[in-house]
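> Protein sequence lines, in the order shown, are assigned to chains C, F, Z and A.
First residue of the first sequence? That's 24 in my numbering, and the numbers climb one at a time after it.
First residue of the second sequence? That's 23 in my numbering, and the numbers climb one at a time after it.
First residue of the third sequence? That's 468 in my numbering, and the numbers climb one at a time after it.
First residue of the fourth sequence? That's 92 in my numbering, and the numbers climb one at a time after it.
Treat the hints as calculated values from the structure; they're not laboratory data.
Watch out, some of these pointers could steer you wrong.
When the alpha-carbon atoms are kept at most 35 angstroms apart in a straight line, the in silico DSBU-like pairs for lysine-lysine are as follows [as the list claims (entries may be wrong)]: (1) Lys564/Z x Lys916/Z; (2) Lys826/Z x Lys660/A; (3) Lys819/Z x Lys916/Z; (4) Lys80/F x Lys660/A; (5) Lys660/A x Lys48/F; (6) Lys237/C x Lys764/Z; (7) Lys700/A x Lys716/A; (8) Lys257/A x Lys716/A; (9) Lys295/F x Lys50/F; (10) Lys618/Z x Lys50/C; (11) Lys660/A x Lys74/F.
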Amino acid sequence: MSEYVLNALLFVDMAAFLAVLFMHLIKKDSHLIWLYALQSMATGLFLLGTGIAEEERSLIMVAALTIIIKAIAAPIFFFRLMDRFGSHGSSSSYLSTPVTLAALMALVMFAYSSVFQILGMLLPGTVGSFPLSLAAIFMAIFLMINRRGVFSQMIGILALENSIVLLTACIGIKQPIALEVGIISDIALWIVIANAFISMIYRQFGSLSTSDLKQLTEE
Amino acid sequence: MTLFFSLIQIVAIPAISPLFVGIIRKLKARMQSRVGADIFQPYRDLSKLFKKDEIISKDASWITKIAPYIIFTVTVVVGAAVPIVTTIIPSFTPGFSLLPLSDFIVMVYLLALGTFFLALAGMDSGSGFGGFGSSREMMVAALAEGGLFFSLLVASVASGSGHVPSMVVSLQTLPFTSFMPLIVAFLAFFIALLAENNRFPVDNPSTHLELTMIHEAMILEYSGKRLALMEWATANKLVIFIALGANIFFPWGVAASLEGHAILLAFVLFSLKTGALLFSIAFIESTMAKFRVFRVPDLLFTSFVLAVTALCIIITF
Amino acid sequence: MMTTFLVAVPLATACLIGFLLPAKSVRFIGWSAIFASSLDFLLALFIVPRVVSVGSTGPAFWLSLDALAAFLVLIITLVGFFASLYSVGYLQAEVEKGIIGPNRVRQYFLLFELFMFAMLLAVSTTHPVVMWIAIEATTLSTAFLISFYNKPSATEAAWKYLILNSLGLLLSLLGTLIFLALPQIQTGITDWSMLQASAASFHPLAVKIAFVFILVGYGTKVGLVPLHTWKPDTYAKAPTPMAGLLASVLINVALFGILRFKTVTDASIGTGFSSGLFVMFGTISIVLAALIIFIQKNYKRMLAYSGIEHAGIMALGFGFGGIGTFAALLHMLYHALVKAMLFFTAGNIFLKYSTTKMKQITGVLSVLPLSSVLFFGGFIAIAGLPPFGIFATKLLILSAGMMSYPWISGIVLFALAVVFFGFFRHVTAMLFGPIPQDIEPGESNMLTKIPIVLMAAIIIIVSFDLPETISSIVTAAAASLTQPF
Amino acid sequence: MDIMLSPIGILLLLSVFIIGGFGALFLDRLLNDGGRMGGLWAHAFALGGSLFGLIISAKTLLVGQGIAFSIPSPLPLFLFDFRIDGLSAFFLGVISLIAAMASIYGLSYQTHFLGLYRLGRLGFFYNAFVCSLMLVTMANQGLFFLLVWEVMSLASYFLVIYEHRKPENIRAGFLYFLMTHFGTAFIMLSFFLAYRATGSFSFDVWRAAAGAIDPMMQTFIFLAALIGFGTKAGIIPLHIWLPEAHPAAPSHVSALMSGVMIKTAIFMFIRIFFDFFPIASIEWGLTFLVLGGISSLLGVLYALSEHDLKRLLAYHSVENIGIILLGFGASLTFMSLGYEKFALFALAAALYHTLNHAIFKALLFLGAGSVVAATGTRNMEEYGGLVRLLPFTSAFFLIGSLAISAFPPFNGFASEWLTFQALFIGIVSASIIVKAIFIFAIASLTFTGGLAAACFVKAFGVTFLARPRSEEATHAHESEWPMLAAMGILAVLTLVIGVGSGFVISLLVGIVASIWLSNPSTLAFPFRQFIETRSQFADILPLDTVAVITLAVFVVLTVAIMVLSRSRKVSYGRTWDCGTELGPRMEITSTSFSRSLITIFQGILRPTKQTDVEYHDEEMRYFIKSQEVRTGIGDPYRQALYRPLSAALTMVASRVRLVQSGNINMYILYVFITLIALIVWAARS
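Start from the sequences, fold in the hints, and give me the full structure.
Here it is in structure tokens:
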């Protein structure tokens, strides 16, 4: 592939990484949805770019599907959901912002550490940056740990899934089209179920904060 | 000849035991500056009791009826095996001698069998005294057994054999120097003798005061021939202990053979030794006060400790 | 052909129940579910001997059963059959008591069949990603079953189940993709045999990290400590037949996933790495479960922790290798049956006492004569006491462990004693004692009694003389696990 | 080789019990007569089976040829390996003898449970229990042994909680099964260590590889075996289940448990320390001596302070196990000091006491069973005057008491005398410590003898003599003939084995010699020669002469006195009562009987006394309405050992419970930390 395409893909990869980074910093859930849409769009574009560059018709199809479902349909679905929650659409985090940033920085350093260096070199394709998407994965998991909101945990899972897809695209694994569609339909189904649960939680608990979900203990 | 001698050996102890009791009473009376009955009075008491009728409590069972016989038999059987004058073991037919009976463990446990039935008989009539007497008796017997057993064990280890007659024979040859542990063992044995025969510091044989009597409480319900048997058995037991004490811990002079002069010498020495023992028993009875019941265990534990120290000395040197 | 038909049956019944049958015909839905699972069980009985003779059924639409898969299919269909029987009885009793409306039964059996389909698909696929999708489908299908009673605590349990399992599965997806990305295999569909064949050429570090992702991913599904936290809540809040099925069979399916990748890792870097991980997870699971069972207050949570403990025992078995693998596989069968029976009898107790707090339950022996005896029998089996099979497998695993990890086997031996201590204390407290006033003795309907009696019979048969086919399939499976071809 | 001694014979033996057990269950279900027929069926088959077992053991001993065969099993390490040599034949004989007596007793005793509990269940578990007891002596492979051992514990657990409507039975059963499982965990540990050291579970391999085990591993194996089998034997710190479980079971089962089940632990001790690993150092012998001494002394002291008849007998089992361990410890010490002959002699003493204790303890428990069945309560304070209502039972109980208190013509004395002789040999051994421990052992044996006599005067006197102390005691009636027959046979046995001690000693020395002299291939052991040359043992303890002389003198004396005093009248009046009417409360009770001894040993027993006074009105506190005194003895084991253990476990468990904090973020953090940690570990390794 040409030099120009590689730089473009690197930029898109960086965009997805930044989207996950900002997810930690904002408070309102609606912003979360925008950032998720951004990350999905970046992933879709990345797939599209690699597909076009390598004339892989199936990859282009997958990219289109990702963009339609994850970048467009899901956020609209989330926004319609958000209207019902009104003022509860925000969630605080356990660690204060500076400490969160320090933790994220540690995770990024861990992703770039020697442990994964060898792994990066080993894997065939070196499109985009392997450690970057690995860092995105760790940050997505950390988002779920840090945020008190049930909604942000769901977004955390979806962001994690996006970064995994991005990582596999970086490595350049050629999946048969049926499996890719299978995974995407799984995620779509998951989104529907998760939102059903979120509305149930809202109806039964009256709030979206995980600190209310604490009755099930050993006592 | 041996058949006749064996029969004498069996009859000897029951014959002389009332005499010993009579002597002790006489000595006690003298020490308390009383004239006291003559030494053959116990014989007359026994014959009187044998001629009297009997009253048995209707609550009592067959154990009350049979116990006196068992206890008396036990004392006779053990008495047969105790060397009084000679160390020859009475035997009726060549294969059938009283050797097994002369093992000191068999003796101790046979006497314990007697005490067992005595205690049961005590409880059988259902009166408060009997029950309490048996409880006290079993306590004393249980604790005294330690001292008794270990003192005899010291003699057995010193002589290297379990049978009393052979113990006496080999102890006679023991040099004087190594006799010190045997003296300590004798002290332990003497305390055990006083405890087992309900003599003074542990129990008062002559009283019927509820607080102080242990042995007397158990035979309170008896009368007539059964009471005679009980009294006689107690006397037998006393003679057995005295004979054991005299002949094991002071073995000299016990005749090894059946000639006349050896028997005569043995007889004299035996009466000297037993006289001394009887005198000491009488002396203790008239000078010492009876111990409180819960001080008796300390006395018996001292006897046990004495015996164990004697054993340790014997083994190490 | 057989396997595709086997996998398709539950899917067909799901569609049948979902679309064709009206919600009101509860009886018909129940019987169709029972028919489907019995058909599946017969198919499995037919397939297993063939797999024993042939080695593995021919691939059709990515589906092929080798020895290990066939053994698991047998377990799934066996326990599935009893679960469907019991579910019909249980739901019928619950509808009578008015806890749930009749239309919920349809939703229950729809999700039940989807769940069975997903498990059978997961076990019989050749492609790792398809297996992943199938296991993800099990999570999705059971999510609503856990929040079946629409109580806040049920929703909370379902939410934790969903989030934690999805996180785990995404990690295992990453692991699978790394495995697939390893240099040589770039061409399209890969299956287990191809993965194992090219395993020798993988780079050791890459394989280790990929296996770690797989182990943590599917480990969350198995419920190994410290990834187990969703399990007690789920089994406490889910309807008891479903909890029984989850507790007994889903562990095996998830373990199956890990075992597949274990063979690949062992082929490339030797057994040291993976067995060390398995033993570490196994020991921690047993010790923690032992301690928490000791002071447990809720009998369904106690059964959940017993599930964690037995997952730990199985992990130990696979970690120790040699006889341990054979014993662990056998343990899968015994544990699945006994745990399901325990849950079903606990379900009967719940139907009668309608509380899960052990403090309020006494005199079960006189209230439910049959269920209590089987509950006590189940306890004796699960605690590994002689007449039942788990005693043998427990001893075999520990003796296998004695050779390689003596200290760990010692600790595990005493942890199992603590488990027995806690479990026994609770069971005796529940079984004996006077009957509480407001409980009238007597079992509920027939369908809650037949399955547990049949299961007890099967447990005794399988424990006393292991049928020939089962022991040969287990030896074949163990062989495939220990020396990959 | 007739079929009796072949594998078919053994399998036939086991099938008898299986048919008996399942037949009982089936009959119980079939005819709804409360299980009477099922119970009869079960006990009849158990009787047949035990007689069959008795014949097998006798034949094996006489022929002097052991049997060894194995049945393959589907599981890899499992192998149903049977082996009957001299030692297992002896224990099989003891088990079958007591099981036969218990079954005869059970035939009519079980009717007491009619209407309360189903008898088929009792029959089934009874057969399972006896069958597993017999199998324990035959198992020759580690895992097979563990299987049979746990089946034995399980069957006896169900028998202990047979009367499950009584809460104290449930508690007793719970404690019993828990302690046995705790013991089995240790046994498993010792077997696994042996497996690790020798590479196989088969006992034959262990025998072969005994020398090659390194001392550290060997100490662990012995320690684990000591704790494991010590729990089943009831050695002092591990005995707390014994006085709870044995009284709870039906009497013929507690006779079996107390007489025989705890002996299986002794059997395994002998197997491990003499047969598999005959390389134990002297410390082990001394440990057993000390444990035996302590167990016997404390066992008899606790028995003294009991006023529940069956608990008293259970504590006596602890005491007698102590005596057996004294013999066993002495033989172990002699073995390590190199005196083989004395070791053989001491072990014969231990086996002799095992046989004797099995017989007279079974007799006493069956007697106690009749008393409890007749009066309906186990509290001795409510007995009294039963000697007239239960003449035969009281006679047999008296013979049992004489035997257990070791009085000469009876078997108890013979084995205790032998143990004494073994201990005497120990005194003259070399080092000071060994001498000191042997002196301690002799002291404990002496005091145990004395205190046991006191305890049984109390037990027999309070139960049978004087006047009934309660209403129930007055309605007691004699038990049916099978129960009396069983007790009768046992009573005669105590006398026969006691008087025939010469023959029995030669038999035991033959058995003990078979452990070392039976060549591994043909399993033949030179038992017959010992029987022929029994004359050499005849003069050791000829109790027969003692018995004959005592009897002769007794007869002569009685006849003489009868004749002499035939003219004297015997009249029956009231007991001397100082003028006041003697009520039942004025007799001595078991508590007051043993109060003096308890006060003497208060340092050890820590007696507790609790007085609650109830006044007519609380403020004035002058007029006492009622006063209650509750006396008991301290239980140091629960306070010092078992409660702190379970409290620590609960404390740790409640700490660990915080893992399940309920907060989902924490759960995800667990997953994340595990992931990171494992990745770092994988990268580094």
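> Look at each hint and say if it fits the structure.
Here's how the hints hold up against the structure:
{"no.": "1", "hint": "Lys564/Z x Lys916/Z", "result": "holds (17 angstroms)"}
{"no.": "2", "hint": "Lys826/Z x Lys660/A", "result": "violated (71 angstroms)"}
{"no.": "3", "hint": "Lys819/Z x Lys916/Z", "result": "holds (13 angstroms)"}
{"no.": "4", "hint": "Lys80/F x Lys660/A", "result": "holds (15 angstroms)"}
{"no.": "5", "hint": "Lys660/A x Lys48/F", "result": "holds (34 angstroms)"}
{"no.": "6", "hint": "Lys237/C x Lys764/Z", "result": "holds (18 angstroms)"}
{"no.": "7", "hint": "Lys700/A x Lys716/A", "result": "holds (20 angstroms)"}
{"no.": "8", "hint": "Lys257/A x Lys716/A", "result": "holds (32 angstroms)"}
{"no.": "9", "hint": "Lys295/F x Lys50/F", "result": "holds (18 angstroms)"}
{"no.": "10", "hint": "Lys618/Z x Lys50/C", "result": "holds (30 angstroms)"}
{"no.": "11", "hint": "Lys660/A x Lys74/F", "result": "holds (9 angstroms)"}
This entry does not satisfy hint 2, going by the numbered hints stated previously; all others are met.
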